[in-house]
Every structure is written in structure tokens, then in C-alpha cells.
Amino acid sequence: MFEGLKKKVEEMRANRPSPEAVKQAISEGQIWKSIFRHGYPDTPRNRIMAVLSNVFLHLHPVKARHSGVKMSYTWCMGGLSFFLFLNLTVTGVLLMFYYRPTAEYAYYDIVALREAVPLGIMRELHRWGAHAMVIAVWLHMFRVFMTGSYKPPREFNWVIGVVLLVLTLLLSFTGYLLPWDQLAMWAITVGTNMARATPFLGFEGPGASMLQVGGVKLVTGGSDIHFALLGGHFVSEATLLRFYVLHCVFIPLTAATLMAVHFWRVRKDGGISGPL
Amino acid sequence: MHFLIHFINALFNPVTYFSASVIGFGAMIHYREKWTEPQFALRILIGVLAVLGLSMFNDHFREISTKPDNVPIFLMVFSVGFFTWLSFRQAVVNDRRLAQGQPPVEKETSDKKVYVWPDLVYVEFIATIVAGVVLMVWSLALHAPLEQAATPAWTPNPSKAPWYFLGLQEMLVYYDPWLAGVVFPSLIIVGLMAIPYIDKNPKGAGYYTFNERKLAIVPFLFGFLILWVTLIFLGTFLRGPGWNFFGPFEDWDPHKVVVLNNINLSEYFWVKFLGMGLPPNPLLRELPGFSLLAFYFIGLPPLLTKKSNFLMGLLERLGVARYAVLMFLALSMAALPIKMVLRWAFNLKYIVSIPEVFFNI
Ligand code: HEM
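For the protein sequence lines, the chains are A and B, in the order given. For the first sequence, our numbering assigns the number 1 to the initial residue and increments by one for each residue that follows. For the second sequence, our numbering assigns the number 1 to the initial residue and increments by one for each residue that follows.
Derived from the structure by calculation, the hints contain no laboratory data. Any given hint could turn out to be false.
To be verified - Pairs of lysine-lysine, BS3-like flavour, derived with a Cα cap of 30 Å: (1) Lys-214(B) to Lys-268(A); (2) Lys-107(B) to Lys-203(B); (3) Lys-63(A) to Lys-203(B); (4) Lys-113(B) to Lys-63(A); (5) Lys-214(B) to Lys-70(A); (6) Lys-34(B) to Lys-113(B); (7) Lys-23(A) to Lys-7(A); (8) Lys-107(B) to Lys-70(A); (9) Lys-200(B) to Lys-112(B); (10) Lys-63(A) to Lys-112(B); (11) Lys-268(A) to Lys-339(B); (12) Lys-70(A) to Lys-112(B); (13) Lys-8(A) to Lys-23(A); (14) Lys-70(A) to Lys-34(B); (15) Lys-203(B) to Lys-70(A); (16) Lys-34(B) to Lys-306(B); (17) Lys-112(B) to Lys-268(A); (18) Lys-203(B) to Lys-34(B); (19) Lys-268(A) to Lys-307(B); (20) Lys-214(B) to Lys-272(B); (21) Lys-272(B) to Lys-306(B); (22) Lys-268(A) to Lys-34(B); (23) Lys-6(A) to Lys-33(A); (24) Lys-306(B) to Lys-70(A); (25) Lys-200(B) to Lys-307(B); (26) Lys-268(A) to Lys-306(B); (27) Lys-107(B) to Lys-63(A); (28) Lys-70(A) to Lys-113(B).
Here the structure is a predicted model, which means the values were calculated and not measured.
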């Protein structure tokens, strides 16, 4: 009885497949082939396939102008902005697991993140990443300007870029309030006070007193754009919730959508710019 | 030493700071051939680092500049400086080539196409790792700050907006919130969006150059470097309690009193110039201001254009609509430095002031 088994094992040992054969079996098996539709990208065909068959890589063209992929030309700043945005999304989601946007908890949740997590750097990654993204976006705009890359046919992508710039600043600004410490509350107070002076729409703005119906003022401290922004007369818990939702949902989704448009247009406008 | 510190503090005030940055800007444009030489740039960098290092011996300066939230401002200042150098360096090199009838450097490789995998994906991969590591190290080294819990009961002094808005906050010294906080920011956004539609110059697309695009680059950089970046620096390091101006090595004394007796244009005109009282009718009272503004925005552009061959040529190239928008945006941008100078020279408060309806300019 054991003889038979022994023989069988011996046989298997003699016929054991080489590592190459194992590799081949995996890379030609159904699972692998269902994920990757091409071999290792070291031939022109496979390099093309690598880019075309991957949803992330296919944001790129298959081939690009040599001058356009040089770091001295783009400074990598658009890509860095995007990388920082991704970093902020990931760390932001992790922070959302712990943070509650109420006046009662917000500050202490941040304290807990600091005190209770050894070597915790999620908050740091998020805060410094946000500062860095603001700088990266400015520098990206600066380089696009200096290479004249807003010129036809790229005019509209520049406009989308300006909207992205504004959204980046708004993301940073709305996030500034969330730690709910003195710095946060007063920086946002200083910043949002401006809204009171919006022409026609703010109750301390020029023209607002002209908007009356039968002697009743339409724009008052309780109905103007400042009130709408803060959800009250002052920066308060209602403001915290408003800024939280804007910061975590509305602005990131808008920005992500516009980034998709932005990248799409870079390709449709003929790839990264270069001299004619 | 003590004397030197006092001397430097005394040198610093909004007037010298702003004038020096404008002169520096002019010099930067003019001497671009010189400072873009790597050797020369290195010397500037070493000089800046030495001054910064020495400044760190000052307790006040060290306290302000090592606040974790101010670290990004150094990152910004140095990276803006470096990339200004990098773009000007490449522009100067290209301009020399263009002057000799050669194509720009970028042209040498722009017709060659490379596979995105691996040539671009590889660069992106390395850049991601480097950026990730830098961010990690930064995060491990510096704790995100947290002050006391928010309370409406106690207002910190100074109360500053987030650093990237400090240029706007600085404008509040010269203009009311409806302009500095609402109208000008909107104009900045609209103005940026308008750039590709105003700039009809077909040259200089896709490579670095200065000579072919002077008219676009100089105003843009003036706005970015002088009216934005240096004002952020000023707002961070030189504005203290009460938004008063302090020297770089001057302690922030919350009781510092700065006498302000600024005067409206209406007072200058009716009281000082005509020697009569202010007219009770606000529209009549503000007539000089309104006239001045109307002249600035409506009368001045045609006048300047007629006088200058250069502007005339620009008008012909751009067409009336583009030219008018350009003029309006340029005059709006110039309104900030102009008001600054008027304030410093004449203590001018408002050009038009109708506080009854919050209409102050
Ligand atoms: C969240 C912000 C932004 C992200 C993630 C982003 C990303 C990118 C990326 C990855 C590229 C490819 C080339 C490169 O890296 O330089 C690009 C190109 C471009 N971006 Fe952005 N961008 C942003 C904001 C802006 C802003 C603020 C502007 C201008 C105001 C702008 C205008 C452009 C233009 C015109 C191009 C085409 C450049 C060329 O063809 O050379 N983008 N952007």
C-alpha cells in the first residue's frame, strides 16, 4: 500500500515543473489573464497595451513628446498637485472615522487623535499635505503661464485650472475650521467677515439697502450671504457642520470631477504643450 | 548689535518694504542675464540663507518663523524663488538661441515621441515616492498644532486669515472689505481666466521665453510675486497685534499705538482746497471722488492710448473689446499700489466715501 504512494511521490518529484513553468502557468492561467491583458511591457506592443488596458494609465497617451515629459519643463507640479490630492483623500477618509463635527466633540476628537495614537501622523499628513497642495497648484499655474501653455488650443483648460485653483483654496479654507480651536475659529471669522460686505448680497455691502420691498429690507443680518455661509450670525456649530459637509463631500467631488475633465483635455488638446 | 537690530527694524515699514520689493522686481527683470547664471544664483541663495540663519538668533524672529503653520511659507518662498530662477534661466537660454535664429531648446526633443511606459510612468513613480517620503518626514518632524478650544469669548490678537489669504487681508488696510474681500478677489479670478483670451501673441507657446512675451510676463509676475507672494510674507512676519506693522526683529507689543489721521478726498477738496464746509448732499460731497474715478477708468485709457504709439499698436492688434477688458483689469490691478502710495504720501483715506450705504473706495 505504501509502496504505491511512494512511487507516486517519486514520480511527481521527477516531473516537478521548473519555476519558469510555474510562472508561465500563472501568467497564462485564467485569473491572471482576466486581470492583465498583455505581457510585461518591454516590447512596443506590450507598452502600448499597458497604457491602453489600464484605466488609470490610460489617462496618459501611449506616446508623449519627449520635451513634455522632462522635469525641467513641467516641474512635475500638475502631477504633484494630483498626488497630494490623492493623499488628502486617503488621509481625510481615515480622519473621518474619528472626527465628529459638533461643537461638543470636534476639538476633543482632534486632541484624542494626538494623544491616543502613538506615532499617529494622519493629521500631520493631511495638514501639511494641504499646505503643500496649495503651493504645488500655484507653482503649476506659474509653470503653465511661463511656458505659454494656455495659448490655443488650451485656453479652456486654463480656465478649468483656475476653477481648480479656487476649489483648492476653498478646500483648504473649509478644512481650517474643523479642528475647532482658537486658530480655526478666528481665522474663519476673519475670512468670512468679508461676505458681510458683498455688494447687494451682504447686509453691510454697498447697494444692499436699496433692495427693499415696500420699505421692508430684503437683505438683513439674518438673510444675507454671510448668514447663509455660516448658518448663523457668527461662526458656530452650524458653521462647523456646513464647512464639514462642504469640505468632505461637496468640494472634493467637484474638484475630482473637474480634474478628470482637466486631464482629459490635456490629451484632447494635443498632450503637454511643446514648440511647434 | 543692538544698534543694528534697531536700525533694521527702523528700516522696515510698509513704504520701504513695498518700494524695495518693486525695485527688486524691476532689477530682477532687467538683470535677468546676470542672476540666472547658476554661479550667481548660488551666491544669492547662500546670502539669503546666511541672513536667515543670523536672523534665527533673534528670539522674536525665531518664535514667529518656527511656528509649525509658518513653515509652509518658507517652503513657498524658497520654491517660488527656485522656480522663478528655473523658468528665467531656461527663458534666457532660449532667448539667446532665438536671437541667433535657432529654435528653443525644447524643439530639439519635441518631435521625438517616447513611450509613456516606461519613460513617463517611471518619472511619475519616482516623483510619487520622493513626495511621499518628504511628506512623511515632514509629518514625523512637525506636529500639527492645536491651540485652545474655540471660544467666542476671547479674540486673539492678531487674528489672521489662513496664510494664503494674507495678501487679501493686507489689502484691507487700503480698501474696505467689499473691495478687498469681494470685488478684488473676484477680479483676480476673472482676470486669470481672461488671460488666454486677451493674450493674442502667438509666439512663446510651448517653450520658455521672456523676450517674445514681455508684455504678458511682466504684469503676471508683478501680480504673482509682488502683490501676492511678498504681501503674504509681509502679512505673516511683519503684521502683529492690531494689524500694526512691526520690524522683523521687533517684539509684538499689543499696546503699540500708531496714530492714524487719514483724510478723505472730499475733505481735501471742499475744506482744504476750497476753504468751505462739506456739502450736506452726499452725492455732491463725493463729486470730486466720483469724477476722479470716472477719469481713471473711462477718461484715462483713451488719453493714454492716443499719446502712446505702443498702446495704439496694442489696440490695433487686440481689437477694441479685448483692449478694453485688458485696460480695465490692468487699471484695477494698479489701483492697489496707487492707493498705497496715496495713503503714504497724503494720508488719503477714501477717494469716495458714503458710509451711509457702505460705499467707500
Ligand atoms: C488641483 C489642481 C490641478 C491639478 C491636479 C492639475 C493637474 C495637471 C496635470 C497633471 C497636467 C499635466 C502637465 C503638468 O503636470 O504640468 C496639467 C496640465 C495643465 N494644467 Fe493643470 N492642474 C491643476 C490646476 C491647474 C491650474 C490652477 C491651472 C491654471 C490656471 C492649470 C492649467 C493647466 C494647463 C493649461 C495644462 C496644460 C499644460 C500643457 O499642455 O503644457 N491647471 N494639469
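Hints and how they fare:
1. Lys-214(B) to Lys-268(A): Holds, at about 29 Å.
2. Lys-107(B) to Lys-203(B): Between Lys-107(B) and Lys-203(B) the Cα gap is close to 14 Å, so the pair holds against 30 Å.
3. Lys-63(A) to Lys-203(B): Cα-Cα ~25 Å, so holds.
4. Lys-113(B) to Lys-63(A): Distance ~6 Å between Lys-113(B) and Lys-63(A) Cα, so the pair holds.
5. Lys-214(B) to Lys-70(A): holds (25 Å)
6. Lys-34(B) to Lys-113(B): violated (34 Å)
7. Lys-23(A) to Lys-7(A): With a Cα-Cα distance of about 27 Å, the restraint between Lys-23(A) and Lys-7(A) holds, given a limit of 30 Å.
8. Lys-107(B) to Lys-70(A): holds (13 Å)
9. Lys-200(B) to Lys-112(B): holds (28 Å)
10. Lys-63(A) to Lys-112(B): holds (10 Å)
11. Lys-268(A) to Lys-339(B): violated (44 Å)
12. Lys-70(A) to Lys-112(B): The hint holds at about 12 Å.
13. Lys-8(A) to Lys-23(A): At roughly 24 Å apart (the allowed maximum being 30 Å), Lys-23(A) and Lys-8(A) satisfy the hint.
14. Lys-70(A) to Lys-34(B): Holds. Lys-70(A) to Lys-34(B) sits at ~25 Å (cutoff 30 Å).
15. Lys-203(B) to Lys-70(A): Answer holds: Lys-203(B) to Lys-70(A) is near 21 Å, not above 30 Å.
16. Lys-34(B) to Lys-306(B): Roughly 36 Å between the alpha carbons, so the hint for Lys-34(B) and Lys-306(B) is violated.
17. Lys-112(B) to Lys-268(A): holds (19 Å)
18. Lys-203(B) to Lys-34(B): holds (24 Å)
19. Lys-268(A) to Lys-307(B): violated (44 Å)
20. Lys-214(B) to Lys-272(B): violated (43 Å)
21. Lys-272(B) to Lys-306(B): Cα-Cα ~34 Å, so violated.
22. Lys-268(A) to Lys-34(B): violated (39 Å)
23. Lys-6(A) to Lys-33(A): violated (36 Å)
24. Lys-306(B) to Lys-70(A): Distance of about 45 Å is beyond 30 Å: violated.
25. Lys-200(B) to Lys-307(B): holds (23 Å)
26. Lys-268(A) to Lys-306(B): violated (42 Å)
27. Lys-107(B) to Lys-63(A): The hint holds at about 17 Å.
28. Lys-70(A) to Lys-113(B): holds (12 Å)
The structure is inconsistent with the numbered hints 6, 11, 16, 19, 20, 21, 22, 23, 24 and 26, although it conforms to all the rest.
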